[in-house]
Structure formats: C-alpha cells, structure tokens
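Peer 1: Residue numbers (the numbering used here): 59 to 142.
Keep in mind the hints are simulated off the structure, nothing from the lab. Mixed in with the good hints there might be a few duds.
[What the hints assert, rightly or not] Heads up, simulated DSBU-like pairs for lysine-lysine below, C-alpha to C-alpha not over 35 Å straight-line:
id	residue 1	residue 2
1	Lys139	Lys75
2	Lys139	Lys92
3	Lys91	Lys75
4	Lys139	Lys91
5	Lys75	Lys92
[Stated by the list, open to error] Here are the computed distance ranges between Cβ atoms for each label pair:
id	residue 1	residue 2	range
6	Lys139	Ile60	31 to 39 Å
7	Pro105	His62	15 to 23 Å
8	Arg137	Arg88	33 to 41 Å
9	Gln127	Lys75	30 to 38 Å
10	Glu77	Arg121	14 to 22 Å
11	Pro118	Lys139	31 to 39 Å
12	Arg113	Arg136	18 to 26 Å
13	Met59	Arg136	18 to 26 Å
14	Lys75	Ser116	33 to 41 Å
Quick reminder that beta carbons are idealized off the backbone N, C-alpha and C, glycines included.
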Amino acid sequence: MIYHVYNRAGRGEAPFKVEGEAERFCSLLREVKKRDGLSLLAWCVMPNHYHLLMRTESVPLWRSIRSLQHAYTRGFNRRCKVLG
Numbered sequence: 059m060i061y062h063v064y065n066r067a068g069r070g071e072a073p074f075k076v077e078g079e080a081e082r083f084c085s086l087l088r089e090v091k092k093r094d095g096l097s098l099l100a101w102c103v104m105p106n107h108y109h110l111l112m113r114t115e116s117v118p119l120w121r122s123i124r125s126l127q128h129a130y131t132r133g134f135n136r137r138c139k140v141l142g
C-alpha cells in the first residue's frame, strides 16, 4: 500500500525551525525506513509539520510511524526542555 502521512506539531510550535531538528528527524526517518523496509517516495519537512509518501511491506505503517514520532518527540523534548 502507498500512504500519505503527515503530522503537525501541537500548541502552535514549529520544532523544525530549531537549528538541527529537521536533520535529526530525517536521520531517524532513515533508520526507521531501513529497519522496517519502507519505501519513501516523496517527503517534505516544513517548520511546523511534515509530509511523507510511503510504501510499506511487511511491517504495519502504524508501527513505523509510532517509532519515528516517539523517538523524535522524546529527543526534542529532552533537548528543548519541554514537557508533554
């Protein structure tokens, strides 16, 4: 299946505006893509959200996206001293 995945930051924040955050997100995305055998057909990272066009294989999409979001959010919150 091919999916359009997008996610917008909460509370009006723009996490990818912070220096180095878009690169960190893309690095995590590469790891999840390789681990889960995803095909990334197109992507766009903007200051407050991202879009991904992905094809999945055997791993369910929700598991890959949960892993990506969880890892990125925990790291961002720790680096920027944010709770929630």
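Peer 1: For this structure, which hints from the list above don't hold up?
Peer 2: Hints 8, 9, 10, 12, 13 not satisfied by this model.
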